[in-house]
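Student: What follows is each chain in one-letter form.
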Amino acid sequence: EPEVTQTPSHQVTQMGQEVILRCVPISNHLYFYWYRQILGQKVEFLVSFYNNEISEKSEIFDDQFSVERPDGSNFTLKIRSTKLEDSAMYFCASSDPSGSPYQFFGPGTRLTVL
Amino acid sequence: GDSVTQMEGPVTLSEEAFLTINCTYTATGYPSLFWYVQYPGEGLQLLLKATKADDKGSNKGFEATYRKETTSFHLEKGSVQVSDSAVYFCALRGVAGANSKLTFGKGITLSVRP
Numbered sequence: 001e002p003e004v005t006q007t008p009s010h011q012v013t014q015m016g017q018e019v020i021l022r023c024v025p026i027s028n029h030l031y032f033y034w035y036r037q038i039l040g041q042k043v044e045f046l047v048s049f050y051n052n053e054i055s056e057k058s059e060i061f062d063d064q065f066s067v068e069r070p071d072g073s074n075f076t077l078k079i080r081s082t083k084l085e086d087s088a089m090y091f092c093a094s095s096d097p098s099g100s101p102y103q104f105f106g107p108g109t110r111l112t113v114l
Numbered sequence: 001g002d003s004v005t006q007m008e009g010p011v012t013l014s015e016e017a018f019l020t021i022n023c024t025y026t027a028t029g030y031p032s033l034f035w036y037v038q039y040p041g042e043g044l045q046l047l048l049k050a051t052k053a054d055d056k057g058s059n060k061g062f063e064a065t066y067r068k069e070t071t072s073f074h075l076e077k078g079s080v081q082v083s084d085s086a087v088y089f090c091a092l093r094g095v096a097g098a099n100s101k102l103t104f105g106k107g108i109t110l111s112v113r114p
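First to last, the protein sequences are chains A and B.
All the letters of the first sequence, read from the start, carry residue numbers 1 to 114 under our numbering.
All the letters of the second sequence, read from the start, carry residue numbers 1 to 114 under our numbering.
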């Protein structure tokens with residue numbers, strides 16, 4: 001069964017450093033999403049991406065964040081200058097607008113900012 | 001804005017016990033409602049869904065009924081198994097479109113003892 005994959009599973013970085021979280025969505029999906037979950041809190045929507053542009057974003061997704069689909073398979077989330085409060089589990093998801101419009105999630109990347 | 005509230009956890013049950021996990025929501029119109037489950041080390045998986053009032057979603061012995069009058073979507077299972085131990089998330093998708101963002105509750109950890 002096709003699945004969404006994410007790398008790395010755990011990333012540790014120093015405050016102020018740039019990080020790139022990587023996702024490989026399901027191959028025929030066209031909508032891509034990033035969510036995050038700070039420990040003990042709700043899963044929060046960050047951004048959705050369709051047709052090579054952002055289709056929706058939350059107030060969390062400020063200028064420090066960016067997304068990119070650099071090739072036909074990867075979908076990345078970049079945080080330019082990490083802050084302590086960026087420490088969270090980051091989930092990637094994808095959906096197929098012509099099929100079941102349900103979002104399929106990856107296992108997550110745990111980001112720890114020291 | 002849209003929001004989802006889940007009962008506080010964690011929940012610990014003995015095998016074959018009855019399970020109820022409460023979920024209520026706030027949203028305009030008629031959102032779609034979902035339960036996602038996250039098994040250890042894995043991504044969020046869609047467990048069941050309901051897209052209109054009075055719909056009952058069901059899967060793997062779990063059920064939830066979309067109650068517009070009480071804005072609820074409680075998850076139930078008549079007899080839990082050790083393999084049901086996981087984190088359960090209630091979520092809604094607003095009326096903006098089939099590929100719009102999901103709004104999640106905090107999630108609740110279920111542990112089932114043999």
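Each hint should be verified, as a subset may be incorrect.
To be verified - Computed, partial: chain B to chain A, Cβ under 8 Å:
(1) L13
(2) E15
(3) A17
(4) F18
(5) Y30
(6) G41
(7) G43
(8) L46
(9) R67
(10) K68
(11) A98
(12) N99
(13) S100
(14) L102
Said to hold, decoys possible - Chain A regions said to be covered by chain B (calculated; three or more residues, Cβ under 8 Å):
(15) 12-25
(16) 76-88
Claimed, not checked - Here are the in silico distance ranges between beta carbons for each label pair:
(17) V12/A x N59/B: 21 to 29 Å
(18) G78/B x E53/A: 27 to 35 Å
(19) L30/A x Q45/B: 45 to 53 Å
(20) S58/B x N28/A: 26 to 34 Å
(21) S98/A x V95/B: 14 to 22 Å
Keep in mind that the hints were calculated from the coordinates and are not lab data.
Quick caveat, the model's predicted, so the values are computed rather than measured.
Each residue gets a CB set at the ideal place from its N, CA and C atoms; glycine is no exception.
Student: Could you work out which earlier hints the structure fails to respect and list their numbers in ascending sequence?
Tutor: Hints 1, 2, 3, 4, 5, 9, 10, 15, 16, 17, 18 and 19 not satisfied by this model.
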